[in-house]
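Each chain is listed here by its residues.
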Amino acid sequence: MPDAATIKARIEAAIPGAQAEVEDWTGGGDHFRATVVADAFAGLSRIQQHRLVYEIFGAEIGGPIHALSLKTHSQ
Amino acid sequence: MTDQHDNPIRQAVADAIANNDVILFMKGTPEAPACGFSARTVGALQALDTRFAAVDILPDPRIRQELTALSQWPTIPQLFVGGELVGGCDIVTEMFETGELAALLGAEGQAHASEPAVADGSTLQIENRLS
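These protein sequence lines map, in sequence, to chains Z and D. Numbering follows numbering that gives the first Met the number 0, in which position 63 of the first sequence is assigned residue number 62; successive positions increment by one, without gaps. Numbering follows numbering that gives the first Met the number 0, in which position 70 of the second sequence is assigned residue number 69; successive positions increment by one, without gaps.
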């Protein structure tokens, strides 16, 4: 089962320079909320930014990770 | 396009996106959303008095499968405006809060004001909504 710390570590490992804040939204280990700040997002649309994060987890989204709510920013 | 003859559901999803200026693929219906994320997205559209078509993906798992294959987007809901994926609940909510959604829908509404949304109920149950 994924946990918030693991999801944070995977996002930060996959996107160079990213800083992620991840919380378990419901406490149930399957609904997470993440805020991700990364230079890599500069110039990308929100769709493209979110796709970069979703791609890290692939089929886990909708599977073990029922929901990963995202806010993304470049800074 | 040729392989789409073998895949009527993918074709129906693609047609629905092409034929409706504003279309929301969701869990449940606008009156009875089956998921909080779908409910929140419907709420943003209704708050802007948006006329939109809605497709419930729950009756047939192949709808979600083909939609995600087309959009390359893993989650539901998915909002399309003018044939382009705008996003899911997070992006729609954020764009609603910043006013970007109103600007996008306003521009789209002006451009297509005379074209009613088209419902093609043959494969997908598409409902047209004016909040």
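Treat the hints with care, as some may be off.
Unchecked claim - Using C-beta positions, here's what the derived DEER-type ranges look like:
(1) Asp38/Z to Asp5/D: 40 to 46 angstroms
(2) Gly105/D to Gly16/Z: 35 to 41 angstroms
(3) Pro15/Z to Gln45/D: 21 to 27 angstroms
(4) Glu11/Z to Gly105/D: 37 to 43 angstroms
(5) Ile8/D to Ile55/Z: 24 to 30 angstroms
(6) Pro15/Z to Asp59/D: 38 to 44 angstroms
(7) Pro7/D to Thr5/Z: 37 to 43 angstroms
(8) Glu59/Z to Glu99/D: 27 to 33 angstroms
(9) Gly35/D to Thr5/Z: 39 to 45 angstroms
(10) Arg61/D to Glu59/Z: 34 to 40 angstroms
(11) Gly16/Z to Ala46/D: 35 to 41 angstroms
(12) Gly57/Z to Arg61/D: 18 to 24 angstroms
Calculated directly from the structure, the hints in this document are not laboratory data. Don't be surprised by glycine CBs; every beta carbon is placed ideally from N, CA and C.
Against the structure, the hints come out as follows:
1. Asp38/Z to Asp5/D: 40 to 46 angstroms: Holds: the Cβ-Cβ distance is about 44 angstroms, inside 40 to 46 angstroms.
2. Gly105/D to Gly16/Z: 35 to 41 angstroms: holds (36 angstroms)
3. Pro15/Z to Gln45/D: 21 to 27 angstroms: Since the Cβ atoms of Pro15/Z and Gln45/D sit about 40 angstroms apart, the hinted range of 21 to 27 angstroms is violated.
4. Glu11/Z to Gly105/D: 37 to 43 angstroms: Distance hint for Glu11/Z, Gly105/D holds at roughly 38 angstroms.
5. Ile8/D to Ile55/Z: 24 to 30 angstroms: holds (28 angstroms)
6. Pro15/Z to Asp59/D: 38 to 44 angstroms: holds (40 angstroms)
7. Pro7/D to Thr5/Z: 37 to 43 angstroms: With a Cβ separation near 40 angstroms, Pro7/D and Thr5/Z satisfy 37 to 43 angstroms, so the hint holds.
8. Glu59/Z to Glu99/D: 27 to 33 angstroms: Given range 27 to 33 angstroms: holds, Cβ gap about 29 angstroms.
9. Gly35/D to Thr5/Z: 39 to 45 angstroms: violated (24 angstroms)
10. Arg61/D to Glu59/Z: 34 to 40 angstroms: violated (21 angstroms)
11. Gly16/Z to Ala46/D: 35 to 41 angstroms: holds (36 angstroms)
12. Gly57/Z to Arg61/D: 18 to 24 angstroms: Cβ of Gly57/Z to Cβ of Arg61/D: about 20 angstroms, so the range 18 to 24 angstroms holds.
When each numbered hint is compared with the structure, violations occur for hints 3, 9, 10.
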